[in-house]
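Student: Heads up: the sequence lines are chains A and B, in that order. Reading the first sequence from the start, the letters are residues 1 to 225 in the numbering used here. Reading the second sequence from the start, the letters are residues 1 to 225 in the numbering used here.
Source of the hints: derived by calculation from the structure; they are not laboratory data. Possibly wrong hints are sitting among the right ones.
Heads up, the list lumps identical chains together, so a pair's fine if it works in one copy or across two of them.
[What the hints assert, rightly or not] Okay, derived cross-link-like pairs now, DSSO-like style, lysine-lysine, Cα gap no bigger than 30 Å in a straight line:
| id | residue 1 | residue 2 |
| --- | --- | --- |
| 1 | K24 | K191 |
| 2 | K43 | K191 |
| 3 | K101 | K37 |
| 4 | K23 | K186 |
| 5 | K191 | K114 |
| 6 | K101 | K117 |
| 7 | K114 | K101 |
| 8 | K114 | K186 |
| 9 | K101 | K191 |
| 10 | K24 | K186 |
| 11 | K186 | K43 |
| 12 | K191 | K37 |
| 13 | K23 | K101 |
| 14 | K37 | K186 |
| 15 | K114 | K43 |
| 16 | K24 | K114 |
| 17 | K23 | K117 |
| 18 | K43 | K117 |
| 19 | K101 | K186 |
| 20 | K117 | K37 |
| 21 | K23 | K191 |
| 22 | K24 | K117 |
Protein chains: 2
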Amino acid sequence: MRTLYHYPLCPYSRKIRLILAEKKLDFSAEIERFWEKRPEFMKLNPAGQVPVLVDLNGSVINDSMAISEYLEDAYPERPLIGEGLLQRAEVRRLVGWFDSKFASEVSVTLLMEKNIKRYISMQASSGPNSAVIRSAQSMVHSHLDYISWLVDRRNWLAGDDFSLADITAAAHLSVVDYMGDIPWDKHPIAKDWYTRIKSRPTFRNLLLDRVPALAPSSHYADLDF
Amino acid sequence: MRTLYHYPLCPYSRKIRLILAEKKLDFSAEIERFWEKRPEFMKLNPAGQVPVLVDLNGSVINDSMAISEYLEDAYPERPLIGEGLLQRAEVRRLVGWFDSKFASEVSVTLLMEKNIKRYISMQASSGPNSAVIRSAQSMVHSHLDYISWLVDRRNWLAGDDFSLADITAAAHLSVVDYMGDIPWDKHPIAKDWYTRIKSRPTFRNLLLDRVPALAPSSHYADLDF
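Excised from the complex, chain A in its bound form (with noise of 0.2 Å):
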């Protein structure tokens, strides 16, 4: 059985779950505390990160992007990346966008400080930072208007098919969004895509999803929010 060893609220690993789902491909989750590095899973990914692919032969896939990439050409009949040199760049730049850009201000952040946090020992302190969160609290509407000003030109993000890039985008949003701190209210056009996203079949099992001591927020998992 393929299995993929993944944190619910890693948005590279929902990432990587939403790809699977779209290519109809069956795998098995485990759930890996990957901060605990236990010693079985350290030997499938020295960099001790979720997600990890092991397929159906035995091989072991280690990084999102290396899984993204991989998946795309194992399994091409569902494509996600697109044709033509620019539009594959285009779907990628996006990728970085939200992997890189969004993850270091909002996504992850968030994530280490609302959730991560509570399980490491942090050097500089051991709760949630306040002002951390306020800033990536602040941040999201950049990005939420960036989205806005590219599905008002477009169908989806990267052009006109929907792409990688809405998925990455969407894994990051919907992890945000469990927290409870998209403001959809003033970004009704971002709104909209991400609802379309939401509500395909592929989307379900994220919305399923709970982690201890951090209850979603109460439209995680409504499809008319």
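Chain A is already provided as a structure; the job is to place chain B on it using the hints.
Tutor: What follows is chain B alone, placed relative to chain A:
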């Protein structure tokens, strides 16, 4: 003329300069002080980051991963990502290791503290944070150990052939080496690997880089260091 907007000590920019050189593609290199958010530059890349590639046909490609994949597809003659699903996944895994893990633990952290911070106003502090610098300097050892472990078993980082994994690792390490923070004497196997890359004609240009108010380490440009 093909144009690359870059910053001399940006490891992601260095990666693209090395790819272009390895693929023997001419380009004009324009230094971009990206933190100034020059309006014409922000039009090219709303993320405000280097590198940005403007290719011969005027196409603008952003995000170092997107540029890498674009160059590999557009100019496949001298392949750098390798062949076969698993080989390509291994190259990309190591690219991710250095672009994410090494960057946040060592290279980008040191670059921010020792160089970029003097140009931008930081919320928390104005000068370099010596505790952060010491932490990054201590983290470099485990990465050099990992490089040694890999090249003890393989000819190059990802296998038999020189690849984007070597380019990416060397791009990040070279920035740290400029700042004098690589303890080469304690890591002879990693040093041997770096010497092989540093001796390539494609690397020469990086060894000529200088930035204001931050002199390179005495051995930075020395091939026999």
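Student: Give me the numbers of the hints this structure contradicts, sorted from smallest to largest.
Tutor: 4, 10, 16, 17, 22
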